[in-house]
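J.: Take the two lone chains and join them into the complex the hints point to.
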Amino acid sequence: MELAAAKMIGAGLACIALVGAGIGIGNVFGSYLSGALRNPGAAATQTTNLLLGFALCEATGLFGLVIALLILFAF
Amino acid sequence: MNLNPMEQFAVKPIFGLDKPLLHIGSHPIFFTNQALLMVIVAVASALFLSLAVKPGALVPSRSQSMAELSYEFVANMIHSATGEDGLKFFPFVFTLFIFVLCSNFFGMVPGSFTVTSQIAVTLALACLVIGLVIVTGFMKHGFGFLKLFVPHAPWYLLILLIPIEVISFLTRPISLSVRLFANMLAGHTMLAVFGGFVVALGSAGGALSILSVAPMLLIVAIMLLELLVAFLQAYVFAILTCIYLNEALHLHDHH
Chain A
1 MELAAAKMIG AGLACIALVG AGIGIGNVFG SYLSGALRNP GAAATQTTNL LLGFALCEAT
61 GLFGLVIALL ILFAF
Chain B
1 MNLNPMEQFA VKPIFGLDKP LLHIGSHPIF FTNQALLMVI VAVASALFLS LAVKPGALVP
61 SRSQSMAELS YEFVANMIHS ATGEDGLKFF PFVFTLFIFV LCSNFFGMVP GSFTVTSQIA
121 VTLALACLVI GLVIVTGFMK HGFGFLKLFV PHAPWYLLIL LIPIEVISFL TRPISLSVRL
181 FANMLAGHTM LAVFGGFVVA LGSAGGALSI LSVAPMLLIV AIMLLELLVA FLQAYVFAIL
241 TCIYLNEALH LHDHH
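From first to last, the protein sequence lines stand for chains A and B. Going by the numbering used here, the first residue of the first sequence is number 1, and it counts up by one from there. Going by the numbering used here, the first residue of the second sequence is number 1, and it counts up by one from there.
Bound conformation, chain B alone (with noise of 0.2 Å):
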């Protein structure tokens, strides 16, 4: 049996796929197991989504309170922390969180794969992010943008803090990406050690086996830990992003 912790997070060709099916130029492109789950991720959240809204009943139903509420939370979020003018990037801020949300969610399916566990996905995800926050900046306030690298400080400090601003700005697709990545890294790495626990004892006999009772028990309490961080980095992800593009619509000033 094999107990790695890390090979639930092995990206491999699934369906017996193991010819590619393009290249770009020479780089072949298989539909691996993460490609697998991202088409469900959208699939099942668009469908889940414009179903439960289509009645549009007055009294609402479970499931389409449940999207008026995914809805509303969102909309809360932007209003509050970029004002009214960020509410044009509802859309991309609500498709964001949804994305991040289920693939958590789909992720934590014992078995199954969790998107969101691997750093190209969220570097990506944050590099879109930060490519939006500056093509923003630059659409509202032209050149005068570059004022975000200039705080109010006096000429002689201002020598140290632009360089800090820049590469305070210019970290943040990584520290954006690092941070979901690794919160899904470390948890499912964690369950995994915890369950080479519960078979390690469980076939150790006598005793032993009986014990094995504890760690089981650790794992679903941790499995509720992680449900719960599982929706606070995908509420994280969508309020920096929110941050950040308040950041550019309004440089320095407060709304």
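The shape of chain A in the complex, shown without the other chains (with noise of 0.2 Å):
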């Protein structure tokens, strides 16, 4: 009983990494928007970095994911 709590609370804490996923995500989207008001003119070369940066950023909140259902359903 007592490892199926330290379980719920242990997947539960993965979902802290979403903290980082979310203060990543907002920088690439604002400093991409402050870039891009100073210099309107590069602003569409660089939506591909925009999204590469914003996929990156995304999938390390996701790693926690992982970690949560490793947690919830291998072990």
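Errors might be hidden in some of the hints.
[Unchecked claim] So the derived list for chain B, only partly shown, Cβ under 8 Å to chain A, looks like this:
1) R179
2) N183
3) A186
4) L232
Hints were generated in silico from the structure; no laboratory data involved. For each residue, glycine too, the CB sits at the ideal point set by N, CA and C.
T.: Right, here's the structure in full:
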């Protein structure tokens, strides 16, 4: 019983990874916007990097989800 | 009613084929719902692309311009990420991109199965990419490919940097596969959880039943977001493949 409770708590704690992902995604889009408003001419050339940065940031948060799933279902 | 949001990811034999098709060693091989979806994705995308460009009209029809657009999109992506000599990998990257894209989009159809939400599939794709990168690197540079792990730095930093470079290279298949798998898994789980809200509120009766419209509308919005993610993850998978290939082709110097 205690093990089951500890699993639940651990899976919940793994979701703290979302803090970092949130900061990261906000940073990516915030930096892009501030750069794009200063130099709108160069904005269109950087959408690839924008999407790449967004996806990489989002993925780090999802690694937390994988850890949560591992705790809940694999052990 | 089963409201388990993880149930949609279950891999099971279909068409009543409970008996294995064949044995490899002592390991039974089944024809599962995942295998069926992969066959559908491969056949549908190959049929569409080959039939769409068949007319070869000067003024393309809608389907022909869709096929040409995807071709140009991937060709531009490879050209900008790896330069001129990366274009010989176009068939590989294009196939990979179309397969992942179609798998993601077929998975968005309610009631179907998302092939890319299985770590086995994405890890196989990622290992294919890293295997190609390693083979390409050794074929182009011979043992000079190992210079990839030696950045320009003083020797006392290299003691620290070389293991880091090796580890970061070796974790690439893991991060590449987990990124795609986790995105698909998280998106579809979220949709199923909100679907559970609709069912729970709708069956509560009275004023709560009317409230169930709210999560329903939210599902529509999340569905749109998931369509974006489905495209974005296929794009990221393809562009990271290009970036890794670029490193194998050009080592540290810029093209």
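J.: Hints first: check each against the structure and report whether it holds.
T.: Structure-based check of each hint:
About 4 Å separates the beta-carbon of R179(B) from the nearest beta-carbon of chain A, less than 8 Å, and the hint is met. With its C-beta approaching chain A no nearer than about 6 Å, N183(B) sits inside the 8 Å limit, and its interface hint holds. Annotation: A186(B) was flagged as interfacial toward chain A, and the flag holds, the nearest CB pair being 6 Å apart, inside 8 Å. This hint holds: L232(B) has a C-beta 6 Å from the nearest C-beta of chain A, less than the 8 Å allowed.
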